[in-house]
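Chemist: Taken in order, these protein sequences are the chains called A and B. For the first sequence, the UniProt record's numbering gives the first residue as 1, with consecutive numbering after it. For the second sequence, the UniProt record's numbering gives the first residue as 1, with consecutive numbering after it.
Everything labelled a hint here was simulated from the structure, so no lab data went into it. Because the structure is a prediction, the values reported are computed rather than measured. Quick reminder that beta carbons are idealized off the backbone N, C-alpha and C, glycines included. Wrong hints could be hidden among the right ones.
Listed below are several chain A residues computed to face chain B (Cβ distance under 7 Å; list not exhaustive) [to be verified]:
1) Val-30
2) Ile-73
3) Leu-75
4) Cys-101
5) Leu-102
6) Leu-106
7) Arg-110
Calculated lysine to aspartate or glutamate pairs in the EDC-like style (CA-CA distance at most 20 Å, straight line) [to be verified]:
8) Lys-59(A) / Asp-78(A)
9) Lys-59(B) / Asp-78(A)
10) Lys-59(B) / Asp-78(B)
11) Lys-59(A) / Asp-78(B)
12) Lys-59(B) / Glu-87(B)
13) Lys-59(B) / Glu-36(B)
Number of protein chains: 2
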Amino acid sequence: MDWLDAVRWDERGLVCAIAQDAHSGRVLMVAWMDREALALTAAQGVAHYWSRSRGRLWKKGESSGHLQTVQEIRLDCDGDVVLLQIEQMGGIACHTGRQSCLYRRLDAGRWVEVDPVLRDPSQIYRD
Amino acid sequence: MDWLDAVRWDERGLVCAIAQDAHSGRVLMVAWMDREALALTAAQGVAHYWSRSRGRLWKKGESSGHLQTVQEIRLDCDGDVVLLQIEQMGGIACHTGRQSCLYRRLDAGRWVEVDPVLRDPSQIYRD
Chain A
1 MDWLDAVRWD
11 ERGLVCAIAQ
21 DAHSGRVLMV
31 AWMDREALAL
41 TAAQGVAHYW
51 SRSRGRLWKK
61 GESSGHLQTV
71 QEIRLDCDGD
81 VVLLQIEQMG
91 GIACHTGRQS
101 CLYRRLDAGR
111 WVEVDPVLRD
121 PSQIYRD
Chain B
1 MDWLDAVRWD
11 ERGLVCAIAQ
21 DAHSGRVLMV
31 AWMDREALAL
41 TAAQGVAHYW
51 SRSRGRLWKK
61 GESSGHLQTV
71 QEIRLDCDGD
81 VVLLQIEQMG
91 GIACHTGRQS
101 CLYRRLDAGR
111 WVEVDPVLRD
121 PSQIYRD
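Isolated chain A, as found in the complex:
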């Protein structure tokens, strides 16, 4: 059986993908992959996702340069989550210019932004 057939693709043909920093263990982002994105990620060792908002294949870092090189790919027990161990180029995974997309912490009933912006997004995405 093709390894891609072991993935339980949802009704949109997507699987949830988590990118974890291979060195620090920090969860950097969560996105979605279609079959092509996962196949390319495995073949090239660089993370590809499916952008739901843009409706197209998305090579992470294609405009920012913040590519993710992939050291390991895991699948969960029921086949609907993929976990990537990655090295994050530029040290920034989030489009807000932060290291991780998980930068809001619940504190006494409100979300507090606890991580610094490392680089202004307008500097990341300029042409």
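Once you have looked at the hints, place chain B on chain A.
Modeler: Below, chain B alone, put in the same frame as chain A:
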């Protein structure tokens, strides 16, 4: 605004929730939460999820005893992922008796089960 309103609930009223071991940094499982599950998780400091297969609120560990005590709750940049830092009672998060649900690693085009079963599931779920 109620902190729960900052979450971008999907069309099913659910949000993706990742449980990460607060000590080792290992991603243990990914599940879903509805509003009640997240509210209870925050209020009680014990992880609750929404079981899609059973169609009901699910206190993790309610039958196995493998409760998850929650040390931190984070929300991602677009509000559709919650990350829990947890302490896993019994050291087993997966219903297969393994520490983590992410126990299959892609290796030369096939998924290899690389983590040991720590306890026979029939021993975990007996009454």
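Chemist: Hint by hint, note whether the structure agrees.
Modeler: Outcome of the hint check:
{"no.": "1", "hint": "Val-30", "result": "holds, 4 Å"}
{"no.": "2", "hint": "Ile-73", "result": "holds, 4 Å"}
{"no.": "3", "hint": "Leu-75", "result": "holds, 4 Å"}
{"no.": "4", "hint": "Cys-101", "result": "holds, 4 Å"}
{"no.": "5", "hint": "Leu-102", "result": "holds, 4 Å"}
{"no.": "6", "hint": "Leu-106", "result": "holds, 4 Å"}
{"no.": "7", "hint": "Arg-110", "result": "holds, 5 Å"}
{"no.": "8", "hint": "Lys-59(A) / Asp-78(A)", "result": "violated, 26 Å"}
{"no.": "9", "hint": "Lys-59(B) / Asp-78(A)", "result": "holds, 19 Å"}
{"no.": "10", "hint": "Lys-59(B) / Asp-78(B)", "result": "violated, 26 Å"}
{"no.": "11", "hint": "Lys-59(A) / Asp-78(B)", "result": "holds, 19 Å"}
{"no.": "12", "hint": "Lys-59(B) / Glu-87(B)", "result": "holds, 15 Å"}
{"no.": "13", "hint": "Lys-59(B) / Glu-36(B)", "result": "holds, 11 Å"}
Hint check: violations occur at hints 8, 10; the rest are consistent with the structure.
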